[in-house]
Amino acid sequence: MRKIPTGAFVALALALAVGLATAVSPFASSSPDGLETVAGDKRFLDEGKLAGVQKDSPIPDYAFPGIENERVATGAAGFVGTLAVFAIGFGLAWVLRRRDPAPGGGGAAAA
Amino acid sequence: MIDLPIALHIPDGFLSGGVALACGLLAVVAVAYGLRVANVELDEARVPLLGVLAAFIFAAQMLNFPIAGGTSGHFLGATLAAVLLGPWLACLVMAVVIAVQAFAFADGGISALGANVLNMGVLGALLAGLAVGAAMKVVPHRRGAFLAVVGVVSWLAVMTGAAATSLELALSDTIPLATSLPPMLGVHALIGIGEAVITAAAVSAVLVSRPDLVALAPEELKRPPAAPAARPVGGEALT
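Each protein sequence line maps, in turn, to chains A and B. Under the numbering used here, think of the first position of the first sequence as 172, with each following residue one higher. Under the numbering used here, think of the first position of the second sequence as 4, with each following residue one higher.
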């Protein structure tokens, strides 16, 4: 059953994702999360380190570089990141998709 | 100490080389199988769905919600991905999200990438694939029952990931299992409730708008309700 077309569904879902990442994530809790809390309590948090390539990561710690206001920097990171993940996921899926024989196109009949 | 964004993601330095490698191999096998499955199952119409699901999970993972004791948690999404796309394509989606987080946002380690994909993606996705299928053999094929199953399974998926993380930390001689497991499970029991609520709400929204896109939903829920009058399916038609 298709109550709404795929294009509209994807557009709505993407708008929701981008909206959440841009407008809501700046107000998300900044308390240490589950693993971080346990690592802090049990004194192994300091063993964590950044890998070499991560020191050059484009948007470290979800703060868009060059923006002073923390909330704006987080929102910008969320906006860019969500669209980038969409593009990568879409691109990967496009490359991997099932190739159905072109309808009426090529001469080679499906076995 | 540098300000390290952990966000449930294991950073480099927590796991030994051997454990990181073993987790990496398991993650690679699962993702490689996901690539194979995509070639068979991923029709053109669902290409944008995979992209938007990855985007949604990325966005939702940024939304840390406060739980008890000055701790926060966030949505993981493996169960949601598995319910919508099936477990193997879900492994792909989670690998995309977690790899972008590690490389672009310095969230989660690079050598620990395999472990993070395993803990937050593969284990939950495969558990969801098995458990939702098994549960729908015994519960009624109704919307509410299906959503309840999805919620419970997503909670279990979070707990499984937390237990796996503790086990990996113990095998790495970072912290004994007996020390890390109780607090990890305690914290994640609460995070899992958030996971269950968000997953059930998201699946419910897709069931309302495009039930055909919910891969693990029973067939009855994917069809319009007013289809050829109530035809008993299997042994399972009556309330």
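Calculated directly from the structure, the hints in this document are not laboratory data. Treat the numbers as computed from the prediction; the structure is a model and nothing was measured. Don't take every hint at face value.
[Said to hold, decoys possible] With a straight-line cut-off of 25 Å between C-alpha atoms, the simulated SDA-like cross-links for lysine to any residue are:
1) A:Lys220 x B:Ala102
2) A:Lys213 x B:Pro69
3) B:Lys140 x B:Val211
4) A:Lys174 x B:Val32
5) A:Lys220 x B:Ala107
6) B:Lys225 x A:Ile175
7) A:Lys213 x A:Ser200
8) B:Lys225 x B:Met139
9) A:Lys174 x B:Asp215
10) A:Lys226 x A:Ser202
11) A:Lys220 x B:Ser19
12) A:Lys226 x B:Pro69
13) B:Lys225 x B:Leu24
14) B:Lys140 x B:Leu129
15) B:Lys140 x B:Glu44
16) A:Lys213 x A:Ile230
17) A:Lys174 x B:Phe68
18) A:Lys220 x A:Pro231
[What the hints assert, rightly or not] Chain A is faced by these chain B residues, among others (derived, beta-carbon under 8 Å):
19) Ala41
20) Val50
21) Leu53
22) Gly76
23) Ala109
24) His144
Ideal Cβ positions, reconstructed from N, Cα and C, are used throughout, including at glycine.
For each hint, the structure was consulted:
1. A:Lys220 x B:Ala102: This hinted pair holds, its Cα atoms lying about 17 Å apart.
2. A:Lys213 x B:Pro69: holds (20 Å)
3. B:Lys140 x B:Val211: Given that 25 Å is the threshold and the Cα spacing comes to 22 Å, the pair holds.
4. A:Lys174 x B:Val32: violated (37 Å)
5. A:Lys220 x B:Ala107: holds (16 Å)
6. B:Lys225 x A:Ile175: holds (14 Å)
7. A:Lys213 x A:Ser200: Between Lys213 (chain A) and Ser200 (chain A) the Cα gap is close to 22 Å, so the pair holds against 25 Å.
8. B:Lys225 x B:Met139: holds (14 Å)
9. A:Lys174 x B:Asp215: holds (10 Å)
10. A:Lys226 x A:Ser202: holds (23 Å)
11. A:Lys220 x B:Ser19: Judged against 25 Å, a Cα distance of about 13 Å means the pair holds.
12. A:Lys226 x B:Pro69: violated (28 Å)
13. B:Lys225 x B:Leu24: Measuring from Cα to Cα gives roughly 41 Å; hence the hint is violated.
14. B:Lys140 x B:Leu129: holds (17 Å)
15. B:Lys140 x B:Glu44: holds (23 Å)
16. A:Lys213 x A:Ile230: violated (29 Å)
17. A:Lys174 x B:Phe68: Measuring from Cα to Cα gives roughly 33 Å; hence the hint is violated.
18. A:Lys220 x A:Pro231: holds (13 Å)
19. Ala41: holds (4 Å)
20. Val50: With a minimum Cβ separation of about 4 Å from chain A (threshold 8 Å), the hint on Val50 (chain B) holds.
21. Leu53: holds (4 Å)
22. Gly76: holds (5 Å)
23. Ala109: At 4 Å from the nearest chain A Cβ, Ala109 (chain B) passes the 8 Å test, so the hint holds.
24. His144: Violated: closest Cβ of chain A sits about 15 Å from His144 (chain B), beyond 8 Å.
This entry does not satisfy hints 4, 12, 13, 16, 17, 24, going by the numbered hints stated previously.
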